[in-house]
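Sequence lines, in order, name chains R and V. Following this note's numbering, the numbering of the first sequence begins with 73 at its first residue and continues without gaps. Following this note's numbering, the numbering of the second sequence begins with -2 at its first residue and continues without gaps.
Hints are computed from structural coordinates only; laboratory data are not their basis. Heads up, some of the hints might be wrong.
Computed far set for chain R versus chain V, every beta-carbon distance over 12 Å [to be verified]:
hint : residue
1    : Phe75
2    : Pro79
3    : Asp81
4    : Glu83
5    : Val87
6    : Ile106
7    : Gln112
8    : Lys119
9    : Asn121
10   : Lys123
11   : Val131
12   : Asp135
13   : Ser153
14   : Ala154
EDC-like mimics (lysine to aspartate or glutamate), calculated; alpha carbons at most 16 Å apart, straight line [to be verified]:
hint : chain 1 : residue 1 : chain 2 : residue 2
15   : V       : Lys229    : R       : Glu107
16   : V       : Lys238    : V       : Glu269
17   : V       : Lys223    : R       : Asp97
We put the CB at the ideal spot given by N, CA and C, even for glycine.
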Amino acid sequence: MAFWRIPLDAEQIDVTRGIVYIIEDRCKGCGYCIEYCPKQVLAFSKKFNKKGYHLPEAVKPDDCVNCHYCENICPEFAIYSAEASPSAEAVSG
Amino acid sequence: MTGKPKKAAEINQMAHPLDDLLRTDRIPHIWCPGCGIGTAFSACLNAIKASCEDLDKVAMVSGIGCSGRGAGYIKLDSFHTTHGRAIPFATGLKLGNPELNVIVFSGDGDLFAIGGNHFIHAARRNMDITVICVNNLNYGMTGGQAAATTPYNAKTTTTPVGNPESPFNLPLMAYASGATYVARWTILHARDLTLSIQEAINKKGFSFIEVLSPCPINYGRRNKEKSLDTLKAYQDKSIIKNNAHPADLETDFSKSIVLGKFVDTDRLTCIESYDKTCRLG
Ligand code: SF4
Ligand code: SF4
Ligand code: SF4
């Protein structure tokens, strides 16, 4: 998120990290998750699923904050997020 | 968004958190790409998960139409009724077994045109059920004809030069008929919608929630609106105004669309009133 000023306690705020999962064969390529992810984690990939729909992929997976909005807006039960385990955080954090 | 957060390691990577409430063998569902019914349905399942402890005491009833397919995708007791008759069926279920949490999930055509009379009378009697109406502004399943909810001037297969009629204001109708809980959201407001359905399920009495939802294939196409354009319109045109007067809620996308919770009152439910009046002693 872009701040117009960096909050004074930015260093101390623990931002939750998430992992986003895509169930490819359920997706119908509507793009809602891509458009409305608050962290622009997702973009259309070049891949098609078995029904021929264009899929989203996580292009900035480390930016996911596990807000579940993609999961809530998806009409197809095709995407969801889960909290990243502490070890995953250590690797990329 | 609901329940305890799961650690990534604990969950099967390819199991959606709602899979336990879905008939997964029927997924992908029949709804078109970009159709909002799936999102409304997902909000409904999340709300059921969050507010119903005993899932054996939850039943979903749908009528006919695209949204009417909902009952066929939930892995709980459910019934896909004849056209317009979801509410009478739900009324029967509730009277027969008052312990049940009965949720009607259906569309605007089914609930307000074909079954319009049932809606107003269930609200009048204050039947203790929750009615979720996915409003896609037209008859989607039969090819996009004008409905009782089609906005003024909108193009449909039966109004090719624009709809000369005015649409129903659904929250006003619910309020005027006696509903004790009335709200309206769009699928873009998935979180508020989920919380609102939760509240409605927990509420005693007739609860009504209208969900504005894109129908890109039939309504959107004829009004030059792709599904993302419809969501953009929801984002730009909607104003959240809780307790707004139901008379000020017409669906006119050339102005603004008011969302929020408009009614939350209490009065005797149908069953309570019957017991008080007819089961003397
Ligand atoms: S959980 Fe939130 S941040 Fe992560 S991908 Fe989904 S919408 Fe984006
Ligand atoms: S919202 Fe769901 S169906 Fe639409 S592109 Fe994203 S994953 Fe696919
Ligand atoms: S016709 Fe419209 S309402 Fe019906 S499934 Fe398709 S997009 Fe959804």
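Hint numbers not upheld by this structure, sorted from lowest to highest: 6, 9, 10, 13, 14, 16 and 17
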